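Asks: Chains as they are written, first to last, in this note's numbering: chain A, 1 to 384; chain B, 1001 to 1422.
Treat each hint with caution, since some may be false.
[Stated by the list, open to error] Listed below are several chain A residues computed to face chain B (Cβ distance under 10 angstroms; list not exhaustive):
| no. | residue |
| --- | --- |
| 1 | THR287 |
| 2 | ARG312 |
| 3 | GLU314 |
| 4 | ILE321 |
| 5 | GLU324 |
| 6 | PHE325 |
| 7 | ASP329 |
| 8 | SER330 |
| 9 | GLY334 |
| 10 | LYS352 |
What the hints contain is simulated information worked out from the structure, not anything from laboratory work.
Nothing here was measured: the structure is a model prediction, and the numbers come from that model.
Glycine residues also receive a C-beta, built at the ideal position from the N, C-alpha and C atoms.
Here are the chains, one letter per residue:
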Amino acid sequence: MKKLLVFLLAIVLLIPLYSYAQEAAPATANKSFVVYTEKRAPENHYIPSGWMGDVGDIKMNDQAMDNPHSGTTCIQFTYSAKKTQGLGWAGAYWQNPANNWGTKKGGFDLTGMTKLTFWARGAKGGEVIQKFNVGGIKGTYPDTAVVELGPIELTDSWKEYTINLVGKDLSYISGGFGWVATSDSNPQGATFFLDDIKFEADPNMKPLGKQTQKMPFYVYADRGSMSNHFIASGWMGDYGDVKFDGSNSENPYLGDTCIKFTYTAKGAQGARWAGIYWQNPANNWATVDAGFDLSKATKLTFWARGAKGGERIEEFKMGGIMGEFSDSDSAGIGPVILNKDWTQYAIDLSGKDLSYVIGGFCWASNADVNPEGAIFYLDEIKYE
Amino acid sequence: MSLLGTLLRGFKNRPLLTWFSAALILSLFFLFLANKGNPKVYIQKLRNGHYRLMVQQRPYLVKGVCYSPIPIGKNHEYDWWSDPSKPWLVDGELMQKMGINTIRLYQAHENAQAVRTVIRDLYQRYGIRTILGHWLGFWEYPCPLYADKSFQERIKKEILEMVSLYKDEPGLLLWILGNENNYTCMGQLNPWPSEEVDKEADPAKQRMLRAKIYYSFVNDIARDIHRIDKNHPVALGNGELVGLDIASTVCPDIDLVACIIYRGKTFGNIFKYLKATFDKPILLSEFGADAYDAYLQKEDQNMQAFFLESQWRHIYENTANNKKGAGNCIGGTMFEWNDEWWKHNESDPSTWDIHDTGSNWSNGSYYFDIQVKDNKNMNEEWFGLVALSQDLENGLNKRSPRKAYYVVREFWKNSTAGAKKQ
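So that you can see chain A by itself, here it is in the shape it has in the complex (with noise of 0.2 angstroms):
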């Protein structure tokens, strides 16, 4: 009877003890940590529930069996750029548990992991991915990281891809992967296919260092052009008065297209001013390490005219947005009044810290100097 009594609290006391042990362990304490290898596998993770931005535009076929890159299956994604909710961009997040947008506690450890690896190949070949990434999904349990990669041109045969995780804060990762594609890029749609998507813990990988990019390098070249390194999602102030038309093929300065803006004053949230930055990633307000190190650069320049002749740009600039990961620095140049026809503007770099830049671009203007509001166009903008 004793030893009953022994055996049976030694259970009552190794369950939870158990228990708390399979809790607490870290993913990682395998080599790798799969977010999908086939349809229905034991080991996927992660599931493809996290659709975004147009989600009429996406189908998806997780079990396509048109030439995978390991198994029997790989997922297809076809994204039909027709801007079903009006939005221009469309992607998808593989989440755990399926649906979870921050709002519950699901997720993995993964500290230990390094990089994540996927094979990806374009149906076609040149289809363009604005970005792949690891983590990022906010809400209450917010992930602990959000690491990108892109934008990518995909070839029509496997190809894989690595996103560097050294130095992350992986404790806690609800997306695992996911990617984002814009109507701009792939005007026409995109075809592409996923396979063997997983978290490894490689001992080799080193950390991603900034590199200083080669001049000139573009903020904006061309409608989806992919030179375009920064994305003009940063809207400031009265921003329902302010329409963007990164597309447009009335009279570019150089190229296909160019931008239009058509600011109408009317002072839609009160404020009187609106602004955009292009930033690096999308609303990107210094809360993400990211952006790019432009050292090598003297000068930024921008093709710009006004509808009419006369519309007053009060700033012109590039940096200084502040936040947990600040912009090195911050130049510009204004007021600026428009020409009719496009006009050659440069931001004088000398002497500027740009070792870290965000945001990449910027224009602000006011109801006051222009109470008619103001349409304007700009091409062309990089940093030599």
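Given the coordinates of chain A, work out where chain B should sit on it, guided by the hints.
Replies: For chain B alone, coordinates are given in the frame of chain A:
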């Protein structure tokens, strides 16, 4: 017997000791000659291009604080200089314990005797020196008329009177002309008219012309101050580094710049950029962080302490002889010593005895609470290193040092600026 005779005789009997004594005497003599012409406070440019502030022949790092001891229930018009409870005595003792060696006063009160008393008390009792400033008419209605000669003359007269009154105070450190008056040239604050400028159609050129007028005016004042006071440097007060490229062309008589910078963890690239555009030493004359988390709606002393320690680290990195930085920073005066309860809603006296948690401005550099609605995260009434309480002690609102007080104190104790611990 003459000194020379004694020396000669000594040479004969005790050559080594006497030669040593002679060398010592001669060294002291030359040192005396070298220092005789030096003012009490001056800027020294080192061979490596770095700058330091010298006070009585010794390097001096400004470990300062902006000082405006307005009690709860009063606003900036309150005459604290004549307060019988003498707040500067209580504060001076606390400051001394923290390691503060300088206060910054934005402008002296019209009661000269009261001002002298404050400067003397702080210096004689606690060794704390005073930076005296002048607003240069920044707050005048409808705007400061910097292009108007009679306005210029009036302001200059006021300042020269101030200099004459206090230049011989042993506790005086330096003068600061203006605060962020340069923004009036950019059309951002209190814009002022000028017939010459208003003719110019290009708004960018307008700014440049205004800046030239303004900075030339400040330089005139600096030049005249130097004529009557050779013992104290003159600083150009400036908001950020805006306009200093213009100042560099018209301000030869300015000794240093005193900049207001609110950039969160560090001051960014300002030290190097200043070196490249206007090679003068810099005093961070207003910087800091508030101690209220606007997002979580509660006091957060850790947040303030975190920013202030990080800012002081960046200051130290940029002092003379520190290889990490530009070597042009002579210290800073934190904003501010105590909370001021009138500031959030200054036009409504009924709020002056309420510690308002509202905010009127946003700054993403202070990112802990930037998620608050409309991003208004800067809580103007919570910048104090010491909090005030409505409880009175010796006729004054009780002072309670915040965590930043202790963190900065320890940082100063344990850190060295440039080559020497100060």
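Asks: If a hint holds in the structure, say so; if it does not, say that too.
Replies: Cross-check of the supplied hints:
1. Satisfaction of the interface hint for THR287(A) is found here, the shortest Cβ-Cβ separation to chain B being roughly 7 angstroms, below the 10 angstroms cut-off.
2. The interface hint given for ARG312(A) holds, since its Cβ lies 7 angstroms from the closest Cβ of chain B, which is under the 10 angstroms cut-off.
3. Taken as an interface hint, GLU314(A) checks out: its beta carbon lies about 8 angstroms from the nearest beta carbon of chain B, inside 10 angstroms.
4. Given the 10 angstroms rule on beta carbons, the hint for ILE321(A) holds: about 7 angstroms separates it from the nearest Cβ of chain B.
5. A cut of 10 angstroms between beta carbons decides the hint on GLU324(A): the least distance to chain B is about 5 angstroms, and the hint holds.
6. At a threshold of 10 angstroms, the smallest CB-CB gap from PHE325(A) to chain B is about 9 angstroms, leaving the interface hint in force.
7. Annotation: interface hint on ASP329(A) holds; nearest CB of chain B at approximately 4 angstroms, less than 10 angstroms.
8. Proximity of SER330(A) to chain B holds as hinted, the smallest CB-CB distance being about 8 angstroms (cut-off 10 angstroms).
9. For the restraint placing GLY334(A) at the interface with chain B, the shortest Cβ-Cβ distance is roughly 6 angstroms, inside the 10 angstroms limit, so the hint holds.
10. Taking 10 angstroms as the C-beta contact cut-off toward chain B, the hint placing LYS352(A) at the interface holds, the least distance being around 7 angstroms.
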